[in-house]
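Given chain B, put chain V in place with the hints provided.
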Amino acid sequence: MTDFKVTPLSEDSFRNAIRESTSPRAVYDMAPGEAYTKFFEGLREGKILGTKCPSCGLVHVPPKVYCQYCYLPLTQWVEVKDEGFVETAVVVYIAAERERLEKPEVVGVIRLEGSGDRYRYPGLMHRICTEPEEVKSSRIMGAKVKARWATERKGSINDIECFEVVSWK
Amino acid sequence: MRPNINVKNRVAVVGAGLTLFRRRLMETPQELSWIAARQALDQAGLDFNDIDCVVSGSAPDAFDGVHMKGEYYVEGVANGKPHVRVFVGGGTGVFVPVAAWWHVASGLCRKVLVLAEEKMSSASRPHPQAVFKHIWDPLVEKPLNPNLIWIFAMEMHRYMYRCGVRKEDIALVSVKNKRNALDHPSAQAAAKITVDDVLNSEMLVYPVNRLDVSPVSDGAGAMVMVSEEWANRLTDNPIWVEGVGFNLDSTNWTNRDLGYPVYLKRAAEMAYRLAGIENPMKEIDVAEPYDPFDYKELHHMEGLGLCPPCKAAEVTKEGLTQRDGDLPTSPSGGLLGVGNPIAAAGIMKAIEIFWQLRGEAGARQVKKDVVTGLAQAWGDLMQVGTVVVMRR
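Chains as they are written, first to last, in the working numbering: chain B, 1 to 169; chain V, 1001 to 1392.
Bound-form chain B, shown alone (with noise of 0.2 Å):
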């Protein structure tokens, strides 16, 4: 019978096993692209911007500029409310990188009204201006909420600072 072993290594004889270290210096610089360079400047006027299908109707936010379930080029823009529902919500103690965080953040996928059903809806993933025991207890699901928004914007998903709760399910 052949030998098939491997070697693990503690993190210990890790560190004096490497033989080379390498640190990929890319940066990249990300074009908006058609459907992002518009709904970036209605981020700037404090607005939220998306393209509504001719089909099934519902409103792309974020936007595109095709229907990935009708497969049909979108044309027709349309503003959305600043507000909608907690459809999920999460305590983050890390980041990135797997940094702790000193203070914990919630962050979660808002459910924007205008169109939509049980299963696809306008959404976007950001900070909730709420406190963590809202998120344990589950009372943020369903919550209703608005956007603060930033006074200096850029044209940034961070125009939107986050979203507060306006009223409780």
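Bear in mind the hints are in silico, worked out from the structure with no lab data behind them.
Any given hint could be a false lead.
Calculated cross-link-like contacts (lysine-lysine; reagent style BS3-like; alpha-carbon spacing at most 30 Å) [to be verified]: (1) V:K1311 x B:K136; (2) B:K136 x V:K1081; (3) B:K136 x V:K1142; (4) V:K1192 x B:K146.
It should be emphasised that the depicted structure is a prediction, and the values quoted were computed from it without experimental measurement.
Okay, now just chain V, sitting in the frame of chain B:
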């Protein structure tokens, strides 16, 4: 059960191999691939020279830190042969046997080496999770500085809310799978733990605690898949791949209800149609639903139609998913127990079904007689489902 008449060649698995799964292994991706491949060939009674084609899979290049890593890690196992690498995020490990299936089923290749490799430890600093920063939408999501676990926590909370499931019900999956893994020779995260251990472990993103999540791992796995003619020549005990399914939902995950995995329902329907399965609840004897998080096993059991929507937690609580239950799930120990070297973890689940159906799972062998089994994986931005159905 009706025979599958839609393919040119029936396809069988005749051998499998798996390395240890560990947080850090000394071996390079090339060596891990070589070792797993030789194990699988050994069991099949074949040599590299016998192999017509190689199908491999691995998750983002950014983990191993080598772009074109497919061509890199297969160096020792695919030289001079047709090779293709497939990649559908976390769904990759089960997509590899799916892609290998059509290589054989079409008549294009007769003996295929099926390989999955992952070496996450190379993406060492600040943490392998940092690699996932680059799978989000760069314009509307990444500026919020998200960690990948956020998205799963959002799905888990939506599932809990929609189905009335509690964290302690979900933790039972972690307890079961980590305990099952105590019998798996490759296991990295096997343990005897309690529901309280899960609830009291480090809070990462509510509702996800540390022990709700599978670990970061290195490892590789391989299978040999061949045509019917070769299967009958090589073994008295071939395991037939009778159904394959794969399906993609939108990357726009903020626009759909996360409580039910539609992408998986569609993938499963495709696999069941091919395999002639009309009632998966009755016809699937043993399953390896994808469990990188404990809630995902439940969510996926529902998407696979192994129980009605919102009922998986109840089924688990009643003990039906234990190895001696009516519907054993993740008898291997799953990703939660064996470990999660992404693509290799998916193929590990397919390999477990192969071993279970052969009666070669040793201490992990489920109690009931098993004829039909299923392995499944899921990935990308919660949008892709991959399924294989196998029969003895």
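Which numbered conditions among the earlier hints are violated in the structure presented, ordered from lowest to highest? Hints 2 and 4 are the ones this structure does not satisfy, whereas the remaining hints hold.
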